[in-house]
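Using the hints, position chain B against chain A.
In case you want the letters, here they are:
2 protein chains.
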Amino acid sequence: MENNDVIFGKNAVTEALISGNREINKILISKNIHTDNKIARIKELASERGIVFQFVGREKFQPYDEFNHQGVIAQISPIKYMDLDEFLQTKSHTNSSLVILDGVEDVHNLGAIVRTCVCAGVDGIIIPSRRNVQVNSTVEKTSAGAINHIPIIKVNSLVNAVQTLKDNNWWVIATDASAKDNYYDVKYNDMNFAIIMGAEHAGVSKSLLKQSDFVIKIPMQNSFNSLNVSNALSAIIFEALRQKLTEKRK
Amino acid sequence: MENNDVIFGKNAVTEALISGNREINKILISKNIHTDNKIARIKELASERGIVFQFVGREKFQPYDEFNHQGVIAQISPIKYMDLDEFLQTKSHTNSSLVILDGVEDVHNLGAIVRTCVCAGVDGIIIPSRRNVQVNSTVEKTSAGAINHIPIIKVNSLVNAVQTLKDNNWWVIATDASAKDNYYDVKYNDMNFAIIMGAEHAGVSKSLLKQSDFVIKIPMQNSFNSLNVSNALSAIIFEALRQKLTEKRK
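Line by line, the protein sequences give chains A and B. Sequential numbering of the first sequence, starting at 1, is according to the numbering used here. Sequential numbering of the second sequence, starting at 1, is according to the numbering used here.
Take the hints with a grain of salt, since some may be wrong.
No copy is singled out in the list; a pair is fine if it fits within one copy or between any two copies.
Cut-off 27 Å, straight-line C-alpha distance, at most; resulting in silico cross-link-like pairs (BS3-like, lysine-lysine) [claimed, not checked]:
id, residue 1, residue 2
1, Lys244, Lys217
2, Lys154, Lys31
3, Lys187, Lys217
4, Lys244, Lys187
5, Lys166, Lys210
6, Lys206, Lys38
7, Lys26, Lys206
8, Lys154, Lys206
9, Lys31, Lys187
10, Lys26, Lys244
11, Lys244, Lys180
12, Lys43, Lys60
13, Lys180, Lys206
14, Lys217, Lys38
15, Lys60, Lys210
16, Lys244, Lys91
17, Lys43, Lys206
No lab work stands behind these hints, which were simulated from the structure alone.
Chain A on its own, in the form it takes in the complex (with noise of 0.2 Å):
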């Protein structure tokens, strides 16, 4: 199982074989767990697609018991991160947007916001090679294979890939409990942006905040401030959905 990674549970390795973007090495299914309408799915799938699939004992799945693999795993080729240049080239941009994560580091969360920005139809995630949590088997099944359906950018510098945005005319919005503004006064119409979240407790970091064009903030209605950095971005991120919607419409 060298440079392969495993993903756990149905919903996982289904949108795994759906998208294709994955190179699947090994589907194993355990023999006791009973085949339901999404087992069949998978056995369906994989089965189409020429991709091995094993029923094995419970024994199999014990160095994975700590997750909930529902007894379905799949060893598959890591994720392909994508580079930024690679991502501005892709196509041209217009009311584009990206969620920078800026020291993210619980892998729920990560996995919630992969979910959030795939059904909100952000574009990207841009994540820093260090100190942020990456991409990994608990990231794959807490997203619920989200992962699959939007380019992950891995970057060396969150301080250079800002500026390299702004260079692109990308807008840059980032989030801070002190901002003056609330989230829902910027118009996020007719723009390209990019809006950044951070540590669950340091929040974003001063350089990129400096290098920010907006900093707005979640108007917070209770002393107790301290809301899930995915349950804010799912806030922010809709409403930008929201205004692009309804605009569209008049």
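The following block gives chain B in isolation, referenced to the frame of chain A:
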């Protein structure tokens, strides 16, 4: 420790100390952890309130090692659920909001939902006494203590609860992927409303959909349309807040 819950982690313990809603029996701090600002604050708050804290060896934490306890636990009286009648009578409600959870199973989701509701100023969360995750130690931890800042209303029947709300002039809004209206088409101002969020897979149950005054969806931008329930709620509840705050300014 009969009749006591255990809560884990620096934030959860601090929030429980601050809120004072819960009787704290004893706080245990690991001898092996570094006394940072948060630990110092916990000691200070506990002293002020005359609550015993003990420094104990690592082995005392062993039963809880599956949780990220950060070397701090508190033995605490179980959360006090509120009755719906009690909630409705505590004050005269205008522009109030409730979130109703119909079969949410994942403890991390419940924790994130509680945090989102507190930050967005929701007035209470209704959960059914069966077929929904209950408030346990993991929820306390995941909610980072937010659970102490919002009434959790437990009801035997969601159908009856929704009827009671309607009888008291609350508007009931259900979420459903096949709804015609988008969540931002509803005008949330000038009414008391309750939003029903469904189970991760099954969605809102048919009987509740029938009872609801509005059924709304989040417009998905991708064939992969599996938004996490807490992220879906975040988009909706912050849109309601946006309307309320921007309407005020006019």
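Tested hints:
1. With identical chains, the CA atoms of Lys244 and Lys217 are at most 27 Å apart both within one copy (20 Å) and between copies (16 Å).
2. For a Cα distance limit of 27 Å, the shortest separation of Lys154 from Lys31 qualifies neither inside one copy, at 38 Å, nor across copies, at 40 Å.
3. In this assembly of identical chains, the alpha carbons of Lys187 and Lys217 lie at most 27 Å apart whether taken from the same copy (14 Å) or from different copies (23 Å).
4. Taking the closest pair of Cα atoms, Lys244 and Lys187 come within 27 Å of each other both inside a single copy (9 Å) and across two copies (19 Å).
5. In this assembly of identical chains, the alpha carbons of Lys166 and Lys210 lie at most 27 Å apart only when taken from the same copy (13 Å versus 50 Å across copies).
6. Taking the closest pair of Cα atoms, Lys206 and Lys38 come within 27 Å of each other only across two copies (23 Å); inside a single copy the shortest separation is 46 Å, beyond that limit.
7. Taking CA atoms no more than 27 Å apart as the test, Lys26 paired with Lys206 passes in neither setting, with 45 Å inside one copy and 40 Å between copies.
8. For a Cα distance limit of 27 Å, the shortest separation of Lys154 from Lys206 inside one copy, 20 Å, qualifies, whereas the shortest one across copies, 44 Å, does not.
9. Taking identical chains as interchangeable, the C-alpha atoms of Lys31 and Lys187 are never at most 27 Å apart, the minima being 54 Å within one chain and 52 Å between chains.
10. Neither within a single protomer nor between protomers do Lys26 and Lys244 lie at most 27 Å apart by alpha-carbon distance, with minima of 42 Å and 52 Å respectively.
11. Taking CA atoms no more than 27 Å apart as the test, Lys244 paired with Lys180 passes in both settings, with 23 Å inside one copy and 18 Å between copies.
12. In this homomeric assembly, Lys43 and Lys60 come within 27 Å of each other (Cα to Cα) only inside a single copy, at 19 Å, whereas the closest approach across copies is 47 Å.
13. Proximity of Lys180 to Lys206 under the C-alpha cut-off of 27 Å is restricted to the intra-copy arrangement: shortest distance 16 Å within a copy versus 43 Å between copies.
14. Taking the closest pair of Cα atoms, Lys217 and Lys38 come within 27 Å of each other only across two copies (25 Å); inside a single copy the shortest separation is 41 Å, beyond that limit.
15. Taking CA atoms no more than 27 Å apart as the test, Lys60 paired with Lys210 passes in neither setting, with 51 Å inside one copy and 46 Å between copies.
16. Proximity of Lys244 to Lys91 under the C-alpha cut-off of 27 Å is restricted to the intra-copy arrangement: shortest distance 20 Å within a copy versus 39 Å between copies.
17. Taking the closest pair of Cα atoms, Lys43 and Lys206 never come within 27 Å of each other, the shortest separation being 50 Å inside a single copy and 32 Å across copies.
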